[in-house]
Amino acid sequence: MIASPDSIGAPVATDGAIHLGWPVTATGLMLGLAIVLITIRLLRGPSLADRVIALDLLGTVTAAAIGLYAVARDEPVYLYVAMAIALLLFVGTVAFAYYIERGPRPAPAASPEDAEAGS
Amino acid sequence: MILDLLAGTMLLLGGAFSLLGAVGVIRMPDLYTRLQAATKTGTLGLGCLMVGVALHFETLGVSVRSMLVIAFLLLTAPVAGHVIARAGHRAGTPHWSRTVVDERADDEPSIGTR
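Protein chains in written order, with the numbering used here: chain A, 1 to 119; chain B, 1001 to 1114.
Incorrect hints may have been included.
To be verified - Sample of chain B residues facing chain A (criterion: CB under 7 Å; computed from the structure): (1) 1025; (2) 1026; (3) 1029; (4) 1060; (5) 1064; (6) 1090.
Quick caveat, the hints were computed from the structure, so don't treat them as lab data. All values reported here derive from a predicted model rather than from experimental measurement. The C-beta atom is built at its ideal place from N, Cα and C for all residues, glycine as well.
Model the full structure from these sequences, guided by the hints.
Following this line, the structure appears as structure tokens:
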């Protein structure tokens, strides 16, 4: 396979076939198995922090799968999706951590705000 | 030819690291051990796979984009892991029964001290 200088919008295989042969297939199988295992941990994590860790790793593996898909389809445009996921994952994790750190107990002595929020 | 070989090797390495991270997340007994399994292998898995992507498309733009992904990951993954570990510890997530030492055991589970 000869890589053209600008491969954007110029896929070599017109039918969307897999290029690189069995390494792409094997990597896809490994990533799929990883996603299944992480989803099991996400569904039955004992604590909320476990679920957040599983979600974080799930997002990372998803970005890896999108990179692999870009290789398999020979379309480097999909890498923007991987960039966006890698950026937004951090924001989501930090937001979850903030609310875990707040704790499940209600905020003490905030009755006027509670009444205002309830109305 | 040799670049394709290298790209395939890096892709396989990234997939293997991701799978190892998933196995670690399933098999580890504790929040903190799971966290250290997930963060490192996730970073290394996506990093290796992005190097493979950059070796497959031999263009400058793709290389810059994949290096950008790796840079984001190297900057944010340790911070996210640390923040989650601290939040879980303050929320009182139980340790493994064979944990030897908890150096932040007297860290009060307080609100708003950061």
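Report holds or violated for the interface hint on residue 1026 (chain B), using the least CB-CB distance to chain A and a cut-off of 7 Å. Status holds, d = 5 Å.
Regarding the hint that residue 1025 (chain B) lies at the interface with chain A, is the smallest CB-CB distance below 7 Å? Because about 5 Å separates residue 1025 (chain B) from the closest Cβ in chain A, which is inside the 7 Å limit, the hint holds.
For the hint on residue 1064 (chain B), does the least C-beta distance to chain A fall short of 7 Å? Because about 10 Å separates residue 1064 (chain B) from the closest Cβ in chain A, which is outside the 7 Å limit, the hint is violated.
Mind checking the CB of residue 1090 (chain B) against every CB in chain A and telling me if the closest is under 7 Å? holds, 5 Å
Hint check, residue 1029 (chain B) versus chain A [nearest Cβ-Cβ separation less than 7 Å]: Result: violated, 10 Å to nearest chain A Cβ.
So, as I understand it, the hint says residue 1060 (chain B) touches chain A; can you test that by seeing if any CB pair is closer than 7 Å? Violated: closest Cβ of chain A sits about 9 Å from residue 1060 (chain B), beyond 7 Å.
The earlier numbered hints that this structure contradicts are 3, 4 and 5.
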